[in-house]
Amino acid sequence: MADGKPPQKVRELDDVFLQVLAAMKAEVTTVAGQASQMILQRASTYVASSARQALVNFHQLYTTGAEAQAGTLSVNRNVDDIFDQVAAQVEDGVEESNIVIMEEEAAARARLSFSGVQKELEAIIRMDAGIREKLVPILSNMQFEDSLRQRLDHIEQAWSLTIDQLQNPEAMDLEVMTLEIAQMTTSVAERASAYRILMRSEPPPDSDVADMVLFDL
Amino acid sequence: MALSASKSMAIQQLLDDLMEFSTESMRWCAEASENATRQILTILDFLTKEAARVSSMSKEAVDAVDAVRMAAAFAVEGKAATNLIAGLKKLAADHSEVQSFIDPIVQTLQFQDRVTQMMDNIVRMIAAWSIERERLAGSATASLDLVAFGTTLLECATMVEERNLIRKVIPGLPSESDTAAVNLF
Numbered sequence: 001m002a003d004g005k006p007p008q009k010v011r012e013l014d015d016v017f018l019q020v021l022a023a024m025k026a027e028v029t030t031v032a033g034q035a036s037q038m039i040l041q042r043a044s045t046y047v048a049s050s051a052r053q054a055l056v057n058f059h060q061l062y063t064t065g066a067e068a069q070a071g072t073l074s075v076n077r078n079v080d081d082i083f084d085q086v087a088a089q090v091e092d093g094v095e096e097s098n099i100v101i102m103e104e105e106a107a108a109r110a111r112l113s114f115s116g117v118q119k120e121l122e123a124i125i126r127m128d129a130g131i132r133e134k135l136v137p138i139l140s141n142m143q144f145e146d147s148l149r150q151r152l153d154h155i156e157q158a159w160s161l162t163i164d165q166l167q168n169p170e171a172m173d174l175e176v177m178t179l180e181i182a183q184m185t186t187s188v189a190e191r192a193s194a195y196r197i198l199m200r201s202e203p204p205p206d207s208d209v210a211d212m213v214l215f216d217l
Numbered sequence: 001m002a003l004s005a006s007k008s009m010a011i012q013q014l015l016d017d018l019m020e021f022s023t024e025s026m027r028w029c030a031e032a033s034e035n036a037t038r039q040i041l042t043i044l045d046f047l048t049k050e051a052a053r054v055s056s057m058s059k060e061a062v063d064a065v066d067a068v069r070m071a072a073a074f075a076v077e078g079k080a081a082t083n084l085i086a087g088l089k090k091l092a093a094d095h096s097e098v099q100s101f102i103d104p105i106v107q108t109l110q111f112q113d114r115v116t117q118m119m120d121n122i123v124r125m126i127a128a129w130s131i132e133r134e135r136l137a138g139s140a141t142a143s144l145d146l147v148a149f150g151t152t153l154l155e156c157a158t159m160v161e162e163r164n165l166i167r168k169v170i171p172g173l174p175s176e177s178d179t180a181a182v183n184l185f
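Here the protein sequences line up with chains A and B, keeping their order. Positions 1 to 217 (the numbering used here) are the ones given, in order, by the first sequence. Positions 1 to 185 (the numbering used here) are the ones given, in order, by the second sequence.
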C-alpha cells in the first residue's frame, strides 16, 4: 500500500467482517435482553408485586425506552447541568422563586421517566430492607445487559471510524483518532483499557466518565 | 502520493492496538456474562427457599437443588452454566416433582449461556479476521477468498443461529447439513 490505503481486497474483507460483527451484536443484544426478561419472570415468584411492576417498568425504560435512547450518562449529565444552573443563579443572587431552568424537552422526558421509576424502586428498597438482596441479582443482570450493549456499540463504532479514515490515510491524525475512540467509552474500566492499549497512557483524572450506579442502596 | 514509512507503521500499530482493545473488551463481556450466570444461582437460592416456605417442594428435593447449586457455584470459570444446566436436568429426571420448578430455570440458564458463548465466539472471529487481514495486506499476490474466510468464521461459531447470520452476510457458504457432514469426518 504505497499510498497508505489498504488494498481493495482488504477493504472488501473489512466491509464483510463489519457486517458480520453488526449481525452478531444485534443477536447477542437480543439474547441478553431475553435472558433478562426471563430472570424477571423467574424472580416474580419471590418478589412482592409492587417491586415486580417497578422492576418491569425499570427494565423497559432501562433497555428499550427513554433511558436507553438518552443514555445513562447523558441523563446524569443533564441532572448535573440543572444543578449547575441553579447553583450559578443562587450565586448571582437570584431569588429561589425566580430561578429559571433551561432543559431540552426530550432530555427532561428521559430524566423524569427514568428517574421516576428509579426513585420508586429506591423507595421500595428503603421500606423493605430484606428485598435489597433479592433485587441485587436482578438489577445486576440488567446492568450487565446494558454494559454489553454499550461495549459492542463502541467496538463497532471504533472499527467503522478507523476503516472510514483509512480511505485517506495521508490525512489521518492518529492522535486525534485514538482520543476519539477512547472518548467513546462509557465506563471506568473500558476507558482505562482504551487509554492503556491505544494511547499508552492513563485516562486524565478529570476523565468525563463514571461507572453507573443504579441505586443508592 | 506514497505514504511515509513511519506513518505506515503507525497506522499498522493502530490497527493492531484496536484488535487488542476489541479482544480485551469482548473478554470482559464474556467474564461479566459468567458473573451474570452466577447471579442466577442466587435467584435459584431464593426460589428454592420460597418453594420450601410454601411447602411446594419436599425437603429432599430442596436439598437436592441446593447440592446442585453449590456444586455449580464452585465450578471452574466458564463452566458454571454448563454444570448447573447438566445438574438440574439430571435432578429433574430423578425427581419428577421438581420438573416444573427446574425447567424455567434451565431455560433461563441456557439463554445466559448462549450470551457467554457468543462473546467467546466473537473473540475468536476477531482473531480470524486479524489473521486474514495480515495475510492479505502482507502479500501482493494473496487474494481474498470470501468463502474460505466465511468457513473459518463458521468454525468460530458454536450455534446454528450464529452460523446462519454469517451465511446471510457471506453467500455461498456450506449449509448446516454440509457443515455437520464435514464435522462428522
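Worth flagging that the hints you see were computed from the coordinates, not collected in a lab. Treat the hints with caution; some may be incorrect.
[Claimed, not checked] Mimicking EDC-like on lysine to aspartate or glutamate, the simulated pairs with C-alpha atoms at most 20 Å apart in a straight line are: (1) B:89 to B:60; (2) A:25 to B:161; (3) A:134 to B:50; (4) B:7 to A:175; (5) B:7 to A:133.
Nothing here was measured: the structure is a model prediction, and the numbers come from that model.
Evaluation of the provided hints:
no.: 1; hint: B:89 to B:60; in the structure: holds, 16 Å
no.: 2; hint: A:25 to B:161; in the structure: holds, 13 Å
no.: 3; hint: A:134 to B:50; in the structure: holds, 12 Å
no.: 4; hint: B:7 to A:175; in the structure: holds, 12 Å
no.: 5; hint: B:7 to A:133; in the structure: violated, 54 Å
Hint 5 from the earlier list is the only one contradicted by this structure; the remaining hints agree with it.
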